[in-house]
Structures are given as C-alpha cells and as structure tokens.
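Peer 1: Letter by letter, the chains look like this.
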Amino acid sequence: MSTRLARGGRLIDRSKPITISFNGRRMPAFLGDTLASAVLANDQMMVGRSFKYHRPRGIMASGAEEPNALVGLGAGPRFEPNQRMTTTEAFDGAETASQNHWPSLEFDIGAINNKFSRFLPGGFYYKTFMWPRSFWKNVYEPFIRQSAGLGKVPTDRDADRYEQAYAYADVVVVGAGIAGLTAALGAARSGKRVIVLEMTPACGGRAVVDGFAIDGQPAEGWVAAAVDTLRGMDNVTLMTRTMATGLYDHGYLMAAQRIADHTPGDGRPKQRLWRIRTAEVITATGAIERPLSFAGNDIPGVMLAAAVRDYAVNYGISIGDRTVIVTNNDDAYRTALALLDAGLTVPAVIDARPTVTGALPQAVRDRGVRVLEGRGIAKVHGGKRVTGVEVCVQAGEGAMIEELGCDCVAMSGGWSPVVHLWSHCGGKLLWDEARAMFRPDANRPPLGADGRGMVRAVGAANGMLTPDEVLTDAHAAFGDGTAPQTNAPDEARMEPVWIMPQGAGPKLRAKMWLDPQNDVKVSDVQLAAREGYESVEHTKRYTTLGMATDQGKISNINGLAVLSDALHQQIPATGTTTFRPPYTPLTLGTIAAEARGEIFQPLRRTPIHEWHEAHGVEWEPVGLWRRPFCYKRAGETTHAAVNREVRNTRTNLGLLDASTLGKILVKGPDAGKFLDMLYTGVMSTLPVGKCRYGLMCNEQGFLSDDGVVVRLSEDSWLCHTTSGGADRIHGWMEDWLQCEWWDWKVYTANLTEQFAQIAVVGPNARKVLEKLGGMDVSKATLPFMTFAEGQLGGFNARVFRISFSGELSYEIAVPASEGRAFWEKLIEAGQEFGVMPYGTECLHILRAEKGFIMIGDETDGTVIPQDLNMAWAISKKKPDYLGKRGQERSFLASPDRWKLVGLETLDGSVLPEGAYAVAPGVNANGQRNVQGRVTSTYFSPTLNRGIAMGLVKHGPDRMGEVLDFPGDGGKVHQARIVDQVFYDKEGAKNDA
Amino acid sequence: MLILECPCCGVKAEETELAPGGEAHLKRYGPGSSDEDFDNYMFARANPKGVHFERWRHAYGCGKWFLAARCTATLEVFGTYPAQTTEPPAELQAYIKSRRPEWEGYK
Amino acid sequence: MPNAVSALNGKAFSGFAQITEAGLQGMITLRGDLASPVIAEAVRAATGTPVPGPRQVVSAGGKSALWMSPDELLLLVPYADAAGIAAQLTPALSGEHALAVNVSDARAMFRIQGAKAAQVLQKLAPVDFDTLGADEVRRSRLAQVAAAMWKSGPDEFTVIGFRSVAGYIMGLLENAALPGSEIA
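Residue numbers (our numbering), protein chains in the order written: chain V, 1 to 992; chain B, 1 to 107; chain R, 1 to 184.
One or more hints might be untrue.
[Unchecked claim] Below, in silico cross-link-like pairs of lysine to any residue (SDA-like), each with a Cα-Cα straight-line distance of 20 Å or less:
| no. | chain 1 | residue 1 | chain 2 | residue 2 |
| --- | --- | --- | --- | --- |
| 1 | B | Lys-49 | V | Cys-691 |
| 2 | R | Lys-11 | V | Glu-610 |
| 3 | V | Lys-779 | V | Cys-691 |
Everything labelled a hint here was simulated from the structure, so no lab data went into it.
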C-alpha cells in the first residue's frame with residue numbers, strides 16, 4: 001500500500017495538517033501536498049478509469065505530464081472538472097471526485113469494454129460507428145457521450161474572478177530549475193529586464209530531488225541562494241505557480257498564474273493570465289520521463305521512476321514497500337537509492353541494457369540490490385494494483401525467467417525534452433540518435449519580428465541530461481566565467497527501448513499501453529500502420545494517440561517510435577505531431593478575464609440613457625449603443641406602446657433621442673471637393689446655413705451610409721451618419737485623406753459624442769420650441785433644410801429643420817453634458833402639447849409610412865442608390881465620386897435589377913420580414929424562381945394596416961400587380977405593388 | 001500576434017491596437033477606366049508567401065494609416081513607413097533584398 | 001452651462017487604488033501643422049504652453065497640451081473656458097489650414113491614484129508602463145475601448161476616454177482595482 005513515511009518530504013509542512021476528501025472519503029494531508037500526494041499518502045492508488053476500456057487507472061507521474069489523475073474539484077459555483085491531481089495544490093477542505101466511471105470507481109460497468117477490447121481497436125470510431133446512418137443519432141452518439149466521461153461541465157456561475165495583465169521583458173526564462181536559474185542569473189546580471197516563470201510553487205526542478213551538490217553546496221541551498229539573488233534584483237520578476245502556456249509571434253508569451261487556486265474564496269483573483277512581450281525566451285522547461293512499453297504497464301502501481309522518487313523525497317510518501325525498478329538508463333537508479341534511503345525495499349533493478357556499468361548502478365549494487373542486466377518485464381501481475389512482475393530476456397519474446405513480487409513498478413524509458421514552447425511558434429527539432437530524443441535544433445529557432453531567433457532552449461529542455469551538461473549549457477546563454485560545477489556522477493549511455501521485450505508477440509503487445517488516458521496500445525499503432533496510416537498526424541487521429549488532455553506528453557515519442565518501426569523507417573522520417581498551445585489546459589475564466597457581467601463588452605450610453613431607463617424603456621442594441629425601442633407604460637404591450645408613440649407623434653408631439661447619430665466635422669480649403677468625392681451628390685455647392693441629404697457608396701458602388709450634410713461655414717461641413725456608421729465613416733474619410741488624397745487640405749473631427757441630439761417631431765414641434773424661446777424657429781426664418789445656432793430655453797443649441805418622419809420636425813443638438821437637462825426641459829415644456837418620447841420602432845414606422853429608406857433595411861451591401869430610385873441624389877455632372885465607376889459595371893446598370901416599390905397586402909395584414917416574392921417556374925437547382933423581396937415591413941397605426949417596402953424586378957413599372965409571398969406554414973401572402981410613399985404624399989405635414 | 005512600429009507616432013503597437021487594411025500601393029481606377037483595370041483595382045490582391053506590403057491603421061493610437069513590409073511566411077517585419085507614398089522607400093527595398101536575396105523586387 | 005453634468009458626475013471608487021471620474025474638463029481638439037509658428041502662438045495663447053513634441057504632454061498653470069498625432073493636439077483647459085477658447089482659436093488660426101473644436105463633452109476623464117495606480121492600467125492596456133516617459137501620453141486601449149493615458153503625478157495616472165463608454169471604463173478600472181487583486 002502507499003503510505004506517508006515517518007520522515008522526509010521537503011515540500012510538505014508537517015506542522016500544518018489539512019483534510020481533503022476523495023469520493024467522499026476524508027483524508028489527512030499536509031500543507032504543501034498536491035492532491036496526488038495527498039491521496040497517495042492515504043493508499044488511494046486508483047484514481048480513475050481509462051477512456052475506452054474503463055480500466056483502473058492510477059497516478060503515473062508527479063507533474064504536468066500526468067495522464068490519468070484527473071478529478072472534479074470543489075462544489076457548486078467553485079466546481080472545476082479535469083483538475084490534474086499532480087499539479088493541483090491540496091488545501092484544507094478540498095473536495096475531489098474521480099471521473100469517467102459509472103456507477104463507482106471500484107465497480108464500473110463500462111469496464112466490460114475491456115472484455116471486448118478486441119472489438120475496439122484503433123480506428124474503432126470510424127469502423128464501428130459508421131452505419132446504419134440512423135444509429136448515429138440514436139445509438140452511437142448517446143453511447144459515446146455517456147462513455148466520454150472526462151469531467152462534468154459546471155452548472156453554476158463561477159464564483160471566482162479572473163484577470164489578465166500585461167508584462168514586458170527583454171528575456172523571459174521559463175522554468176526555475178537549475179538551468180533556468182542559471183540562465184536568469186546571467187541575463188539579470190547583464191542588466192536585462194528578466195521575468196522568470198515557474199509552474200510549481202517551488203523552484204529547483206529535479207536537482208533538489210536528485211540531491212547532488214552544486215559548487216560545493218547541496219542543490220537545495222544553491223537554488224535557495226539563486227532565488228534570493230534574483231528576488232533581490234530590481235530588473236527581475238520571478239513568478240511561481242505560473243505556467244507558460246504558449247508562445248506566439250513576435251515574442252508574445254502567455255502565462256497562467258494560479259493565485260487563489262489553493263486558497264479559494266480569499267478574495268484574490270483565482271488566476272491571472274499574463275500577456276507578456278519579450279525580446280527573447282529561454283526555455284528551461286526540463287524533460288519528461290518516458291514510460292516503457294511492457295504488458296500491463298497501465299496497472300495502478302506502475303509509475304514513472306522519477307515520480308516515485310519525487311513522492312518519496314518531496315512528499316515523504318512510499319508508493320509501495322517493494323518497488324521493482326525497470327529502466328534503460330542510469331538515472332532511474334537514483335530512484336532505487338532514494339527508496340533505499342527511505343528504508344524501503346527494492347527487490348531488483350531490471351535493466352534492458354546488456355551490460356550495466358556506471359557509478360549510479362554501482363552505488364545501487366553496493367547497497368545489496370540485484371541488477372538484472374539485459375532483462376525486461378514480460379508482464380505485470382495485478383488488477384487494481386500491481387502484485388508482481390514476470391522478468392524476461394529483453395532480447396527475447398517474453399518467456400518468464402523469474403517472478404518478482406512487488407507492489408510498485410518504477411519505470412524509466414529515458415527522457416524527452418519539453419520542446420512545446422520552442423515548437424509553438426515554428427522552432428524545429430532534430431533527432432539526437434545518441435540520446436534517443438527530439439531536441440531543439442538551435443539552427444532553426446522560432447523567428448521574431450526582426451527575423452532572428454527569439455527562443456533558446458537550455459538544460460534538459462535542450463537535451464542536456466546530466467547536471468553538469470545542464471549547467472554548462474544554461475550558463476552559456478548569458479554568462480561569462482565558468483559555469484557552476486556539480487559532484488553528480490557521470491552517467492552511462494541509455495539504450496532506446498520501444499517495446500519490452502523486443503520480440504513480444506501480439507498478445508503482449510495488446511496489453512502494452514502507449515497512451516493510458518485514451519487507451520492506445522502498441523497494437524493499435526501497429527494496426528494503423530498496417531492499414532496505411534503512414535503520416536504521424538493521421539495515425540494520431542486514427543488511433544487518438546496523444547489526443548487526450550495530457551496531449552501525449554509521455555506517450556508521443558514511444559508512439560512514433562512504434563509507428564516508425566512498423567513502417568520500417570527511421571524515427572526522424574516519421575517526425576512528430578504538431579505542438580500547439582496551451583501546454584496544459586487553460587481555464588476559460590482566464591481567457592474571458594474581466595469581460596463578464598456589466599463589463600462583458602462596452603455599452604455605449606447617450607447622455608439621456610438614465611432618463612430612458614427610468615421611464616419604462618425597452619432597449620434595442622444598435623451596435624454597442626442602447627437605444628430606446630419604445631417606452632412602455634404600466635400594463636402596456638410593446639406593440640401597443642409603439643402604436644401609441646406613432647399616433648402621438650403624428651398628432652401631437654414626439655421626442656426622439658437621436659444622440660447616437662454620427663456627427664463628423666469636415667473642414668478645410670478642399671473640404672467641398674472631398675465631400676463631392678465622398679457623396680454621390682454635390683455638397684460643395686451647398687450654401688452656408690443649408691442642409692442636404694446625401695448618400696455614400698463604397699468603391700463597388702453599393703450604398704454604405706446616408707445622412708444630412710450641413711454647411712456650417714465657408715470651409716466647414718457637418719456630416720451626419722447613421723448611428724452604427726459614425727466610426728466607420730470617420731475611418732473611411734481618414735483613409736481617403738491619408739492614403740489617397742494626402743495633398744488635399746481637409747481635417748476631420750468626429751464630434752458624435754460632443755452633442756446630445758434630440759428630434760422634436762410632430763404638429764406641435766414649433767410650439768414647444770417657441771415656448772422655450774430664445775430663437776426664431778418660424779417657417780420664414782428657419783425653413784425646411786436649414787439650420788440656425790443660438791440659445792433655446794437657455795441652452796446653447798444648434799437647430800436643424802430636417803425631418804425623417806414627414807412631420808414638422810427639428811433636430812436640436814446641445815452639448816452632451818447638458819443633454820439630459822435639455823431633454824427634461826422639453827418634456828416639461830411639452831406637457832401642454834401632448835409630448836411623449838418615442839423609440840426606434842416608432843422612428844422606423846414613421847419613416848416607412850413616408851417611404852424613406854433605412855440603411856441596413858433597404859440596403860444590405862448589394863444595393864445601389866439607383867435600385868432605390870434615388871437617382872435624384874446622384875450627381876450626373878460630377879466626373880467622379882466613390883462608387884461611380886463601380887456603378888457603371890454592366891450588371892449594376894442592368895434594367896433587370898430589383899427596384900424599390902411599396903407593397904400593400906390585399907387583406908391589410910403585415911408581410912413577414914424578408915419574405916420573397918415568387919415567380920413562375922424553377923431555377924437550375926429546382927428551387928422556385930423569385931422576383932423580389934421585402935426589405936421593410938410594419939403595421940402602420942396611422943393607416944391601420946400593414947405596409948411594406950421591397951425590391952422587385954422591374955418593380956416601378958408594375959404598379960398594381962399582385963405578388964405572392966410564401967410565408968410560414970404554407971401560407972401565401974398576397975401584396976400589391978404600390979407607390980412607396982404611403983402617407984401624406986404631398987408633404988403637407990412637413991410643410992406646416 | 002504582431003508588433004508594428006507606427007512610423008507616425010513611434011509607438012511599437014501590438015496587433016490589437018491596429019486595424020489591418022489589406023494590400024498597400026493599390027492604384028485607384030475611377031470612371032473611364034477599363035473593366036480589367038477596375039477589376040484588378042477592386043478585387044485582385046497579391047497573396048505571396050514571402051515579402052508583402054500592407055496597409056495598417058494605428059486605430060487605438062494616433063489614428064494614422066501607415067504601411068508595413070513583412071514576410072508572410074516568417075512574419076519578419078522589414079520595416080514600416082508612411083502611407084503617403086506610391087511605392088516602398090528605396091532603402092527599405094534594399095534592406096528587404098539583403099534579407100531575402102531571392103526576392104524579385106517591388107514591381 | 002449650469003445644467004452641465006459630466007458623464008459619471010464625479011463617481012469615485014476606493015480599491016487598492018483610488019478611481020475618480022474627474023468631472024467636467026474642458027478639451028479642445030486642434031488639428032493643423034504642428035510646426036507652424038501660427039499654431040505655436042495659438043497654443044500658447046490657449047494653454048500657456050509650447051506645442052508638445054511627439055507623444056508629449058506639457059502643462060502650465062493647470063492647462064495642458066497633449067500630442068495626439070502628427071497633426072493633432074488635445075488642449076486641456078477649464079471646462080467653462082473651453083467654448084470661448086475654441087472660438088478664439090478659429091480667428092487666431094485664420095489663414096492657416098487648421099481645425100479647432102470644443103470636444104469637452106465628447107470625453108470622460110478619470111484619475112487613478114495610489115502607489116499601485118500603474119497596476120490598474122497594467123491589467124487593461126497593452127502598454128509597458130515601466131518605460132512610459134514621465135511626460136508621455138500613450139494612446140492605446142483599455143480592454144475594448146480607446147483611451148489616452150499619462151502619468152499625471154508621482155502616484156497618479158490620468159485617463160481620457162469617450163463619454164459614451166464612461167460607465168464601461170469606470171467598471172473596468174473598479175474591477176482592476178479591487179482589493180486583493182494587487183499584483184505582488
């Protein structure tokens with residue numbers, strides 16, 4: 001059984017006991033434990049079940065490479081699925097639950113898949129779930145979803161908060177092991193701005209576990225001194241608990257910092273995502289130990305050798321009383337020594353190398369432990385826990401030589417440098433035959449903005465595995481003088497072992513796990529190769545090798561070695577799959593960060609926003625603005641409110657908050673010439689004091705925006721745009737001025753938010769303004785399409801006599817800071833005239849009753865002004881304007897284009913939005929031919945019937961014709977083509 | 001994520017502060033131009049793997065448009081320069097040539 | 001004028017830094033040839049300062065001139081004077097191709113105060129505040145909206161954004177300044 005030893009555990013604080021729970025079982029632990037060490041201290045070896053066969057799964061590793069130990073952590077609003085136990089710090093009260101089992105971890109029905117495993121080989125998804133088609137929806141998918149048990153989605157809103165922050169550096173060192181610390185010291189001493197990122201709470205990496213001396217002092221003391229030095233330097237920021245998740249173009253590095261993961265609810269943000277820009281990245285990310293592929297290597301109790309050592313040294317944990325070590329390298333002997341030091345038994349070290357020399361094996365031999373040379377494990381005994389191993393000749397086929405009883409197997413197949421960050425942004429790898437590993441090719445690094453390498457790998461991440469190699473390599477990155485020296489012994493060469501034993505038959509190979517989370521075995525990869533999957537990327541997807549949440553950190557190299565062997569090619573010819581960020585999963589909270597709730601996205605408010613809110617507003621989003629759709633009174637429906645607003649505006653007085661309309665000042669000697677290019681009409685001839693409606697098109701000729709242009713003075717114009725168009729049109733103007741006509745003397749300023757603008761509309765509009773007093777707004781002094789500036793009721797105001805409703809109407813601009821006060825003044829003064837505020841729906845109905853177009857309704861990016869019968873707004877005399885050449889294209893000049901007309905249903909009903917008018921016959925695809933579509937459709941309270949506008953082929957020439965508009969449920973709406981102006985065709989009301 | 005130095009204000013802006021504007025140095029064809037010229041102006045865009053000239057606007061900064069020369073394959077930035085020019089500056093072209101001897105040159 | 005209210009009417013928040021909407025602030029956009037002596041004279045008349053260099057803010061007697069782009073300045077003057085100063089600028093610049101316009105009401109201004117004020121902005125803007133000059137204006141974004149910011153005192157930053165998103169900016173600043181979220 002696995003237990004806590006009486007002594008040892010450099011990371012735990014035995015004076016601070018805590019309690020966690022696993023599947024409801026309370027377990028004592030210590031501060032400093034990970035969830036993994038905490039459960040191992042309590043003999044909880046099995047922590048989950050595998051994805052496909054639901055085989056028992058135990059903890060295999062001690063770090064981010066752990067494939068099996070994923071749990072749901074916490075409850076309710078703090079529940080998080082898929083927390084990796086080996087990297088999650090334990091805290092008092094932590095509730096954890098295993099995943100991927102039903103009904104319980106100990107007894108799991110899905111494990112029956114294990115019995116049928118010969119029916120679930122590599123590619124089984126593609127083979128099994130293909131037919132019959134109807135089974136996919138009703139049988140296969142529900143089955144897969146039920147079985148695909150990697151965690152449950154949280155159901156509550158996350159109680160925690162997350163944030164992001166930006167940081168800048170000359171050098172970011174990733175990893176604070178002895179390589180990272182050495183490089184960081186060198187960079188810092190050369191005066192560079194340095195950030196050091198360490199994913200675990202403590203620095204030191206493997207060296208502090210392996211226990212050699214650096215420059216004469218124990219590694220632990222050397223590390224502590226280095227950390228102290230770095231922390232004391234102003235130009236260095238050292239962040240622990242911070243995982244560099246990905247490297248992107250131009251030195252953009254993302255790092256997730258765990259702040260309150262282990263102290264939930266303490267008021268701090270749970271995590272912070274750092275967005276770092278750096279000139280250079282040093283990856284000192286170490287290496288990951290590889291498992292060995294022998295039959296039963298997935299049984300709980302089979303672990304990576306270094307992990308067994310970590311648990312003993314860092315957490316004072318014995319995984320088992322009797323640990324068999326199986327290896328192809330010297331490093332695993334350190335585990336034997338650590339276990340012996342802890343008073344545990346090592347029955348034997350099984351070494352696949354034919355002859356084993358070297359200092360570390362000798363030290364083990366000296367302690368009386370048998371070293372079995374040229375041997376391997378044929379098979380592991382045990383179900384939910386290892387009970388023993390069969391020893392065989394590595395060169396043979398697996399015949400048992402002897403059986404060793406044990407409750408832990410510590411395996412080491414060599415080490416793979418962590419090359420993820422190096423590779424994320426294009427760094428290339430080379431195959432190091434001697435070390436049997438892919439490591440960074442320093443000649444082909446990821447490139448930065450200047451085209452030069454922006455990443456250097458040092459230490460184990462660069463393939464340097466012995467302590468002295470590591471330090472020499474890391475020191476060379478920045479240092480001068482001599483590198484730190486260690487007393488670590490030399491290590492003999494490892495020998496690659498991809499299958500154990502080498503001649504294992506099909507039966508053994510079908511129990512050799514490559515990827516324990518996704519249940520991919522040696523036999524699956526070999527099958528894929530036989531079936532023609534030669535590309536490693538294809539094999540990955542066919543077998544799901546390396547596609548689990550650990551992304552194949554321990555399985556990929558073994559997998560592609562097996563694939564290479566099956567394809568009879570060298571490993572470099574097979575290559576690796578692509579390394580993509582993030583290195584370990586990022587929680588979505590860090591990506592959203594502050595963008596939730598009220599500040600999910602910017603909300604643009606007019607100065608009158610709060611008044612609307614206090615008066616029954618129903619909002620309509622217009623871009624990022626909120627505009628009143630209508631104002632509902634107690635008990636009123638939306639429809640009734642809109643109708644009331646329309647009727648009141650037509651008969652009394654309506655107020656519209658039009659502050660969102662774009663207002664762009666265009667000034668300069670060439671401003672008139674510029675506006676003549678921008679608009680289809682002529683603006684240069686507009687007299688000072690006058691207003692003119694204008695259309696803007698893009699270069700293709702399609703309508704882009706419209707609005708009233710005002711000539712403010714000899715050299716300045718004010719261009720009104722649509723609410724959604726202000727920033728876009730201002731940008732459009734600047735684009736042409738900066739990039740095409742840069743010699744034209746024109747300046748623009750976007751004044752949209754400087755003014756609150758209020759439309760005062762209806763038969764009583766003039767009366768209320770006269771009551772406010774201060775300006776002459778009479779028909780004679782301020783005729784239609786003119787403007788005046790002055791004082792209105794004590795407010796500095798610019799009054800435009802314009803109308804988008806057909807009513808007598810003024811639009812009044814006052815400084816935004818006074819907008820609310822002016823609005824309230826109008827409401828108060830308007831009481832005797834029947835004033836009511838109205839919203840955008842009323843605005844739309846008023847304009848539709850008058851046949852005025854709306855950008856975005858009548859236009860959709862494929863409509864030219866000519867389609868809307870607006871040739872009157874296009875100058876025929878101007879040699880050029882933006883869009884003119886585009887409109888000359890043959891298909892836009894065609895007489896067959898759909899043109900704007902009014903549509904009136906025969907029964908007075910409202911046409912469905914976007915409905916199409918059908919024509920006889922079918923098109924080449926067998927669909928009904930069409931001859932028009934509805935662009936705007938409303939119930940007109942003024943006319944008490946449905947009105948619509950639409951684009952119809954040859955429409956203006958077909959007045960009186962009735963068209964069919966099929967709607968939902970087989971209903972066909974019939975509508976007559978009529979004039980688009982439904983109300984007050986003579987314009988008498990506006991002329992009042 | 002790119003960083004481009006705005007030649008108008010000197011800020012080394014990251015991509016989130018910029019708005020892309022497509023290919024640089026297009027010549028506008030207006031009324032009277034042939035269908036082919038207009039079609040090329042409107043729709044034909046270079047999409048090289050390698051040296052490319054682009055328009056960018058320092059949208060969250062000084063608001064100015066500028067032009068950038070970069071490698072679409074490696075994202076190496078050869079330089080940025082003001083938008084008020086019809087072709088890349090000679091020194092920039094020479095620098096690109098030094099970095100990419102195989103580059104055919106600006107046409 | 002007596003009716004004038006700034007976007008958030010002086011709203012304040014106390015976190016690990018102090019956040020305040022700064023109330024009404026006169027602002028004038030001035031566009032023109034910044035090398036022109038006429039512009040220089042007009043700026044001196046308006047703010048008492050010289051024309052700032054690129055990305056620079058210069059202040060005198062409570063007024064400031066901020067460099068916004070190669071052909072644009074933002075002049076900070078008392079709110080009550082802004083309309084008048086803007087009106088005087090136009091004749092002062094006659095004969096010069098220039099634009100001067102009052103934009104006081106189109107903006108909102110915020111102050112962030114405290115020893116860790118920079119951390120509030122560090123969470124929201126892709127800006128290296130360590131290397132930001134003492135008199136440097138940085139135009140960038142705060143999360144999703146445009147803003148201009150500068151170090152206006154030893155432990156103080158000033159931020160200018162658009163009026164319509166003042167509530168959003170305040171929300172961002174408050175959230176970033178929440179107690180417990182200090183960066184180290």
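Peer 1: Hint by hint, say whether it matches the structure.
Peer 2: Going through the hints against the structure:
1. B:Lys-49 - V:Cys-691: Outside the cut-off at roughly 50 Å; violated.
2. R:Lys-11 - V:Glu-610: 15 Å, holds
3. V:Lys-779 - V:Cys-691: 15 Å, holds
In this structure, the one hint that does not hold is number 1.
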